[in-house]
Amino acid sequence: MKICVRFVGWPASLFGKSYVWLFFENSPIILRKLLEKLELETGIKINLKDPNLVVLINGKLAEFIGGLNATLKDMDEVIITSISGGG
1 MKICVRFVGW
11 PASLFGKSYV
21 WLFFENSPII
31 LRKLLEKLEL
41 ETGIKINLKD
51 PNLVVLINGK
61 LAEFIGGLNA
71 TLKDMDEVII
81 TSISGGG
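For the sequence shown, this note's numbering assigns the number 1 to the initial residue and increments by one for each residue that follows.
By construction, these hints were calculated from the structure, which means they are not laboratory data.
Since the structure is predicted, the reported quantities are computational estimates derived from the model, not experimental observations.
C-beta atoms are modelled at their ideal positions from N, C-alpha and C, and glycine is treated no differently.
A hint or two may mislead.
[Said to hold, decoys possible] Computed Cβ-Cβ distance ranges for the label pairs, DEER-style:
1. Gly85 x Met1: 34 to 42 Å
2. Ile65 x Val8: 17 to 25 Å
3. Leu40 x Ser18: 30 to 38 Å
4. Ile83 x Ile44: 17 to 25 Å
5. Ser18 x Lys60: 14 to 22 Å
6. Lys45 x Ile83: 17 to 25 Å
7. Glu25 x Ile83: 31 to 39 Å
8. Gly85 x Glu25: 39 to 47 Å
9. Ile83 x Met1: 24 to 32 Å
10. Phe24 x Lys60: 16 to 24 Å
[Stated by the list, open to error] Below, in silico cross-link-like pairs of lysine-lysine (BS3-like), each with a Cα-Cα straight-line distance of 27 Å or less:
11. Lys49 x Lys33
12. Lys60 x Lys73
13. Lys2 x Lys37
14. Lys2 x Lys49
15. Lys45 x Lys73
16. Lys60 x Lys33
17. Lys17 x Lys73
18. Lys49 x Lys73
19. Lys60 x Lys17
20. Lys2 x Lys17
21. Lys17 x Lys33
22. Lys60 x Lys37
23. Lys60 x Lys2
24. Lys73 x Lys37
Start from the sequences, fold in the hints, and give me the full structure.
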């Protein structure tokens, strides 16, 4: 199973890339496992409680579809982005 993780805004600068593919032997997995693997492979921990951070799963806010327990399946897209605004 593979999942594309995209980084937008300051997370892209933090990770030094705009996306990464993560591979898993079991399917489905939960968002918590994806973030643990992302930290293992990059050394960077994502804190979902950061109010300036948004995580989307296939275009839907992760917090509304299970948060850390949201189910992910093969070829899903996870976007980690920062909140931006302007005036």
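Status of the hints after comparison with the structure:
The hint said 34 to 42 Å for the Cβ distance between Gly85 and Met1, and at roughly 35 Å that hint holds. Between Ile65 and Val8, the C-beta spacing of about 19 Å keeps the proposed range 17 to 25 Å intact. About 20 Å separates the C-beta atoms of Leu40 and Ser18, a value inconsistent with the hinted range of 30 to 38 Å. Range check, Ile83 to Ile44: about 18 Å between beta-carbon atoms, so the 17 to 25 Å window is met.
Separation of Ser18 from Lys60 is about 20 Å and conforms to the stated range, judged on CB atoms against 14 to 22 Å. A hinted range of 17 to 25 Å for the beta carbons of Lys45 and Ile83 is consistent with their spacing of about 19 Å. Our hint of 31 to 39 Å for Glu25 and Ile83 holds, since their Cβ atoms are close to 34 Å apart. Taking the beta carbon of each, Gly85 and Glu25 are about 40 Å apart, inside 39 to 47 Å as hinted.
Between Ile83 and Met1 the beta carbons are some 29 Å apart, a value that agrees with the proposed interval 24 to 32 Å. For the hinted restraint 16 to 24 Å between Phe24 and Lys60, the CB-CB distance of approximately 20 Å keeps it satisfied. Annotation: proposed proximity of Lys49 to Lys33 holds, straight-line Cα distance about 16 Å (limit 27 Å). Taking the CA atoms of Lys60 and Lys73, the gap is near 14 Å; set against the 27 Å cutoff, the hint holds.
Distance restraint check for Lys2 and Lys37: the Cα-Cα separation of roughly 12 Å lies within the 27 Å cut-off, and the hinted pair is therefore satisfied. Between Lys2 and Lys49, the direct Cα distance comes to roughly 25 Å. Compliance with the 27 Å bound is thereby established for this hinted pair. The hinted pair formed by Lys45 and Lys73 meets the criterion: a straight-line CA distance of about 22 Å does not exceed 27 Å. Taken as a hint, the Lys60 and Lys33 pair is honoured in the structure, with Cα atoms around 18 Å apart against an allowance of 27 Å.
In summary, the hint linking Lys17 to Lys73 is supported, as the alpha carbons are separated by about 23 Å, within the 27 Å threshold. A distance of roughly 23 Å separates the Cα atoms of Lys49 and Lys73; the hinted pair therefore holds under the 27 Å criterion. Of the supplied pair hints, the one linking Lys60 and Lys17 holds, its CA atoms being roughly 22 Å apart against a limit of 27 Å. Our distance criterion of 27 Å between C-alpha atoms is met by Lys2 and Lys17, whose separation comes to about 18 Å.
Note on Lys17 and Lys33: the hinted pairing holds, with a Cα-Cα distance of about 21 Å set against a maximum of 27 Å. For the given pair, Lys60 sits about 21 Å from Lys37 by alpha-carbon distance, which is consistent with the 27 Å threshold. Our distance criterion of 27 Å between C-alpha atoms is met by Lys60 and Lys2, whose separation comes to about 19 Å. Distance restraint check for Lys73 and Lys37: the Cα-Cα separation of roughly 15 Å lies within the 27 Å cut-off, and the hinted pair is therefore satisfied.
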